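*Asks:* Listed below, chain by chain, are the residues.
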Amino acid sequence: MLKGFHRLFALLAASLSAHSALAEEETVERWGVNMPRGVTEVAQSTYELHMLIFWICVAIGVLVFAVMFYSMWRHRKSKGYQAAQFHESTAVELVWTIIPTVILILMAIPATQTLYDIYDTEDADLEIRITGYQWKWRYDYLDSEVSFFSNLSTPRAQIDNQLPKGANYLLEVDEPLVVPIQKKIRFLVTANDVIHAWWVPDLAVKRDAIPGFITEAWTRIEEPGIYRGQCAELCGKDHGFMPIVVKAVPEEEYTAWLDSRAATAAKTRELTEKTFTFDDLFTRGETVYNRACAACHQPNGQGVPGVFPAIAGSKIATGPLDGHLDIVINGSKTNPAMQAFGEQLSEVDLAAVITYQRNAFGNDMGDTIQPIDILNFKNKQ
Amino acid sequence: MAHGPQAGFKRWVYTTNHKDIGTMYLWFSFAMFFLGGCMALIIRAELFEPGLQIVQPEFFNQMTTMHGLIMVFGAVMPAFVGLANWMLPMMIGAPDMALPRMNNWSFWILPFAFAMLVSTLFMEGGAPNFGWTFYAPLSTEYAPPSVTFFIFAIHILGASSIMGAINIIATILNMRAPGMTLMKMPLFAWTWLITAYLLIAVMPVLAGVVTMMLMDIHFGTSFFNAAGGGDPVLFQHVFWFFGHPEVYIMILPAFGIISAIIPTFARKPLFGYSSMVYATASIAFLSFIVWAHHMFTVGMPIAGELFFMYATMLIAVPTGVKIFNWVSTMFRGSMTFETPMLFAVAFIILFAIGGFSGLMLAIAPADFQYHDTYFVVAHFHYVLVPGAIFSITAGVYYWLPKWTGHMYNETMGKVHFWLAFVGLNLTFFPMHFVGLAGMPRRIPDYALQFADFNQIASVGAFLFGAAQVVFLFNVVRTVMGGKKASEGVWDNAQGLEWTVPSPAPYHTFSTPPAVR
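Listed in order, the protein sequences are those of chains C and V.
Counted from 1, the first sequence has number 272 at position 272 by this note's numbering; the numbering is strictly sequential.
Every position in the second sequence, counted from 1, becomes a number in this note's numbering once 1000 is added.
Bear in mind the hints are in silico, worked out from the structure with no lab data behind them.
Any given hint could turn out to be false.
Under the rule of at most 25 Å between Cα atoms (straight-line distance), these lysine-lysine pairs were calculated in the DSS-like manner [said to hold, decoys possible]:
hint : chain 1 : residue 1 : chain 2 : residue 2
1    : C       : Lys315    : C       : Lys378
2    : C       : Lys165    : C       : Lys247
3    : C       : Lys333    : C       : Lys378
4    : C       : Lys274    : C       : Lys378
5    : C       : Lys77     : V       : Lys1483
6    : V       : Lys1414   : C       : Lys79
7    : V       : Lys1414   : C       : Lys77
8    : V       : Lys1484   : C       : Lys77
9    : C       : Lys183    : C       : Lys247
10   : C       : Lys378    : C       : Lys267
Covered stretches of chain C (chain V as the covering partner; in silico rule of three or more C-beta atoms under 8 Å from a C-beta of chain V) [what the hints assert, rightly or not]:
hint : stretch
11   : 229 to 236
12   : 305 to 318
For clarity, every value in this text was computed on a predicted model and none was experimentally measured.
Glycine included, C-beta positions come from ideal geometry on N, C-alpha and C.
Chain C extracted, bound-state conformation:
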């Protein structure tokens, strides 16, 4: 009997420690009720401002509701309470006009100070352009040549409930924005198609990304870490599926990362010279398709009737190659929802995805498009 208990305890302890090991890696903080304190000075003063106003509101609320509940409890007809007949008092009315005005002025002072901090985008150490696309973010490091897209990396099967959801469900991306800590970073925010908003709660940065205009924001992150956010302005179908991940690292690590990005870019350029087999292109194309095209044209190539055209049996994907290259590289001239992918994808990826589209979904065109074909097409125009 005792032995049995012992074993049970051992089992429990083991399962508990296994659980906590998992918890260390990926916890989901449930039942959160408040704004994060944040990891920048601006975020912290925003948080304090928020709490200050909150407590002022609570105090006023308690006062008003106390009077109200007191009279609801005492001044009832069922208790035989006789109604008084007073119905005005200039003095009282003046008091409750003037006191709130004074409280408001007291609130406005710290609010104005914080607002000035938020607007002070001068003297940045580093500039990053953020461009919102339907439904991904593009980051351009203006001081170096690094530029990339950041897409949702949560697998479709998790969204469709076929796989269990990970701890960072819908808050994970393939390429996070990597930034150095303790540097003032200026963000130049814009958009390619519709209005988006770039928001990371821990940084207290939220800026609308407006097509054709540039808005400014800045941050200076004190602690290394991974900070997650989301698009905050309704931008169409997959508005809920374009998260933001900021990875703040010490400066050395940041420099090393920049170098590795440059090396990867050089490698991709080399690939443009290479000739691939059909199978290689088709397999790579499927991955690219699912990342860049499937949101609208759907994983099965059927599109959404009346909104997004099908790839399967489409006139373009089964027509002359030049037309197909043109719409993918330059976008559609009649339907702005079809973006220009010429800049977004590498030559290899473009070749692969076009090969894939022309041969998948029963299109069976049988042609193979090489990266060099893409380059030639681009040079021709």
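Fit chain V to the supplied structure of chain C, relying on the hints for placement.
*Replies:* Coordinates of chain V only, in the frame set by chain C:
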């Protein structure tokens, strides 16, 4: 003299009687309330758990858009116009509205506008999916083809509202009984008079902005397209110049209803009548100079941010005055808590909570964190559901005996109230939490840390929905029959409407009453 109503359906199609038209407005808005409510339940059902279960994102966006449009333009606004039609002539001692034929017309174009709007759900490409605020260029270059029908529906709704507003102003200014000076009018007449001016001022602006969209979509202009020299932010400025007064259009008449109900059930005159009038007027004035607080994150110059922040904070003063006045009316009254009073008291408490979150949202730097999150959704549902919907409900229970001649079932009314009260708070209070914790609004699927509170909100929403079925049942039963209501109905109801028999005859005040 005694003209009765025509027989059959002609009564409703041809009618110029303010009571008939009021009834039609109210039933129409009730129907729209259920339609918009069903859409809300689809939204809440999808958000019950993380992952996509019931609808796809494109349909989800259509639901959020249509829910907003139908509730604002189909449920709340027509309900207030319906109440105005029924009550204003009886409150000021007028025989009818000043412009009865236009009254018929402004009602009857509404069902056509909504038929057109709802029909977009069945069109190729689906219904409007860009949110009830329809920001360009999502609503222009990137919109589904049905957007044109949406624009035309908005035009018709605007025309209907403007006609309704003209009618109300003409009635109040010209048809008051002798002795009924402006400062003797019931507050419902005052708040509606001010609301009507707001409507006339801003509905043409809404018509203008949708017309600019129409031009951009079909006639090659570039009002909102940067590539053609336009500006997407211009859309937001024009929209919110309409939109902010619009939210007060949906709340000022509510202030009037509450100011009628609280004194009746506290058996004590309203505290600070004239300050109520001045507060309403100042809120209306301020509503024109605060619109950009909906746009704190668009990158306005700091001077603009500061101006709109300070102006918005100022609204707290007259709104506070109103709350204090209602509480003072209750203080040392002799209160009973029949259903209208329950809804009115809940209005004061919950509207105050919505006011507090509104004050928090006014603080521009903090708004950078709140903007476009569920905190905003919680805020505006706290001012609109307990604000507009509860006050309309309170008004319906309060005046239903006068309209039908029967008392409603008090027990069922109380059941309705408690279900609605609990359901509402379960639905919308947790939204403050998920919003602060970082959940953006208008998303069909969300990260795992928001799951628990979303589940509670969804349960609450279905409870709130069930409560409204009780309401419908209670109203239908009261129309069909029930205990006879007396002339005064309530213990201490003040005003001309309580001097006519219950049910109110088809024509009232054919000769003006004497007002002391």
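*Asks:* Now look at each hint and say whether the structure bears it out.
*Replies:* The hints, checked one at a time:
1. C:Lys315 / C:Lys378: holds (22 Å)
2. C:Lys165 / C:Lys247: holds (22 Å)
3. C:Lys333 / C:Lys378: holds (17 Å)
4. C:Lys274 / C:Lys378: holds (17 Å)
5. C:Lys77 / V:Lys1483: holds (23 Å)
6. V:Lys1414 / C:Lys79: holds (20 Å)
7. V:Lys1414 / C:Lys77: Holds, at about 18 Å.
8. V:Lys1484 / C:Lys77: Holds - the C-alpha atoms of Lys77 (chain C) and Lys1484 (chain V) are around 24 Å apart, at most 25 Å.
9. C:Lys183 / C:Lys247: Holds, at roughly 13 Å.
10. C:Lys378 / C:Lys267: The hint holds at about 20 Å.
11. 229 to 236: holds (count 8)
12. 305 to 318: Per the Cβ count (3), the hint holds.
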